[in-house]
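Participant: Listed below, chain by chain, are the residues.
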Amino acid sequence: MGILLRIEKILLNLEGRQILKDLSLSVKEGTIHSILGSNAAGKSSLAYVIMGCCDYIAQSGTIHFLGEDITSLPVSKRAKMGLTLAWQEPARFEGLTVKDYISVGMKNKDDALITESLRHVLLEPSNYLERQVDKTLSGGERKRIELAAIFAMRPKLVILDEPDSGIDILALDNIINMMKALKKQGTTILLITHREEVSEIADVTSLMCSGTIVNEGRPKEVGKYFKEKCIPCPTKIFPSEPDSLSKGAR
Amino acid sequence: MQDYELMLDAYAKAGGAPSIFKDSNIAHLVVHKNKVVGSNSVKGLILEPKETTSGVDIMLIVEKGMKIEKLVHLCFGILPEEGIQEINIKARIEDGAGVKLLAHCVFPNAVKIVHKMQAEIEIGDDAYYEYNEVHFHGESGGIEVIPKARIKIGKNSHLVTNFSLLHGRVGVFDLDYESEILDNSTLDMTAKIYGYGDDKIKIREAGFLKGRASRGLIKSRIAVKDNAVSEIINELTASAPESRGHVDCVEIIQGNAQAKAIPIVNVTNEFAKVTHEAAIGRVDKKQVETLMARGLEEEKAIEVVVGGLLK
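If you read the protein sequences in the order shown, they are chains A and B.
First residue of the first sequence? That's 590 in the numbering used here, and the numbers climb one at a time after it.
First residue of the second sequence? That's 3 in the numbering used here, and the numbers climb one at a time after it.
In case anyone wonders, no lab produced these hints; they're calculated from the structure.
Any given hint could be a false lead.
[Unchecked claim] Some chain A residues judged to face chain B by a derived CB distance under 8 Å, without partners named:
| id | residue |
| --- | --- |
| 1 | Met640 |
| 2 | Cys643 |
| 3 | Ala668 |
| 4 | Thr673 |
| 5 | Leu674 |
| 6 | Trp676 |
| 7 | Pro679 |
| 8 | Glu683 |
| 9 | Leu685 |
| 10 | Lys688 |
| 11 | Val693 |
| 12 | Asn697 |
| 13 | Ala701 |
| 14 | Met742 |
[To be verified] List time: in silico SDA-like cross-link candidates among lysine to any residue, alpha-carbon distance up to 25 Å:
| id | chain 1 | residue 1 | chain 2 | residue 2 |
| --- | --- | --- | --- | --- |
| 15 | B | Lys313 | A | Lys769 |
| 16 | B | Lys287 | A | Gln721 |
| 17 | A | Lys666 | A | Ala680 |
| 18 | A | Lys698 | B | Leu312 |
[As the list claims (entries may be wrong)] Across the chosen pairs, the derived CB separations fall in these ranges:
| id | chain 1 | residue 1 | chain 2 | residue 2 | range |
| --- | --- | --- | --- | --- | --- |
| 19 | A | Glu657 | B | Lys114 | 52 to 62 Å |
| 20 | B | Glu301 | A | Gly755 | 28 to 38 Å |
| 21 | B | Glu7 | A | Glu678 | 20 to 30 Å |
| 22 | B | Gly199 | A | Asp644 | 23 to 33 Å |
| 23 | A | Glu678 | B | Gln260 | 28 to 38 Å |
| 24 | B | Lys45 | A | Glu678 | 51 to 61 Å |
| 25 | B | Gly283 | A | Lys669 | 21 to 31 Å |
| 26 | B | Ala19 | A | Lys773 | 43 to 53 Å |
| 27 | A | Glu678 | B | Asn164 | 24 to 34 Å |
| 28 | A | Glu678 | B | Asp97 | 24 to 34 Å |
Think of the CB as a built atom: it goes at the ideal place given N, C-alpha and C, for glycine as much as any other residue.
With the hints as extra help, turn the sequences into a complete structure.
Facilitator: Laid out in structure tokens, this is it:
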């Protein structure tokens with residue numbers, strides 16, 4: 590498996606605050622790679638930087654996707670290469686139906702695939718296809734529709750920003766199954782989460798703290814460390830343990 | 003081609019299906035300038051147009067207890083570049099009666115046109131009236147559209163109005179609808195307009211919730227770009243117990259456009275409640291970036307967001 594996404598020494602300052610510092614990360618093709626970290630570790634900012642969102646342009650560092658330097662490409666160009674992002678709180682669109690929304694990212698507007706995508710997230714197509722992606726949907730429904738849209742898009746890499754936030758335990762099982770289905774269809778997943786039990790679905794976990802990756806290893810080991818040492822977050826400045834974790838976790 | 007055929011041709015280009023004007027089971031009225039070029043009525047509906055020097059006076063009555071099964075089609079317009087059209091409507095929906103109307107207003111070649119509509123509508127008890135108006139204008143912007151309506155809604159009745167002007171330049175637009183709502187009745191008014199160039203949009207939609215448990219919703223969806231200007235006054239007054247209302251205005255601006263929203267919420271009964279929400283601004287960045295993350299170019303993403311809002 591080759592490296593699909595390579596991030597090197599990213600630095601991001603926003604409004605005078607250092608959000609990401611010297612962050613490097615490599616994601617292998619065909620894997621689920623989780624980014625585990627407490628709130629305010631910079632996880633979502635990393636997602637926006639990778640996607641190229643306009644307020645999240647890194648001051649320095651590079652991002653390579655499919656071996657190509659995408660650091661200065663706009664969001665749509667990155668998406669056309671096969672990179673996409675599912676926001677933690679997906680946007681809502683008045684007047685846009687679920688069917689139209691899902692089809693936006695599809696190369697071939699195939700109704701059967703739209704239906705299949707909704708079924709994958711346990712939403713009955715006949716109840717949802719003509720509904721609007723607006724505030725009448727619950728948070729959980731909106732998240733499922735986002736995953737259905739990703740499934741139908743068939744991207745090469747998707748960044749899932751906290752797909753587990755704000756949903757109940759049953760929905761969580763479904764979202765985990767959906768991630769497995771995405772992986773099976775060939776989509777590499779960069780999974781952002783602050784829950785170590787969700788992170789365990791991954792092949793590799795990177796631990797993020799104060800804007801940088803402090804370690805990487807097997808999900809269970811990194812997750813155990815995270816649970817024991819990082820909840821509650823002892824300090825905004827990461828202690829010296831990562832080195833010892835590094836030896837144990839890799 | 004005669005005026006009738008020309009109007010039907012314009013109607014078809016505006017998305018209508020001219021075949022309905024040949025169906026004797028569908029009531030319709032086609033007016034070009036001040037000429038009635040086609041009309042048909044159905045049982046229970048009195049539809050009487052009278053030509054005037056500058057337009058047409060129309061009497062529309064739905065008789066007591068009669069529910070007009072099929073949509074009533076109206077088509078107003080001026081095909082030359084210049085002209086004036088004044089439409090005066092007196093409508094009475096009698097107790098227990100109901101009707102739904104769809105009006106197409108077509109001005110495809112407007113350079114110097116004035117289209118005025120003055121409506122007085124009385125809706126009885128246990129009745130419903132739905133009025134949908136769709137405008138199709140040309141690209142010059144040389145048109146003034148001035149619709150005014152005064153509406154009284156009886157008890158246990160429903161009024162729905164939908165106004166849309168999404169095709170062609172708005173020109174100068176000045177809408178003023180005012181409704182009075184009695185016990186257990188509902189008002190649902192929506193206006194959707196897309197202005198560009200130097201279009202000027204002014205809307206006042208007002209509802210007076212005078213009856214116990216009356217309900218009102220006034221909704222505006224406006225998009226303006228270039229140098230277009232919009233001012234939206236949505237007004238709801240609740241003076242009866244258990245009356246409820248909501249005002250909802252969203253305006254999107256692009257370029258040098260300017261938008262103003264003035265929600266007026268007036269409650270004079272302690273058991274009444276009216277809420278409002280208004281949002282004006284650029285297209286939401288997160289919406290645009292979400293669509294861009296699916297592969298749409300920025301311009302297309304904005305088009306999808308604005309198109310959805312005005313849908």
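Participant: Going through the numbered hints above, which ones does this structure break? Give me the numbers in ascending order.
Facilitator: 10, 12, 13, 15, 21, 28
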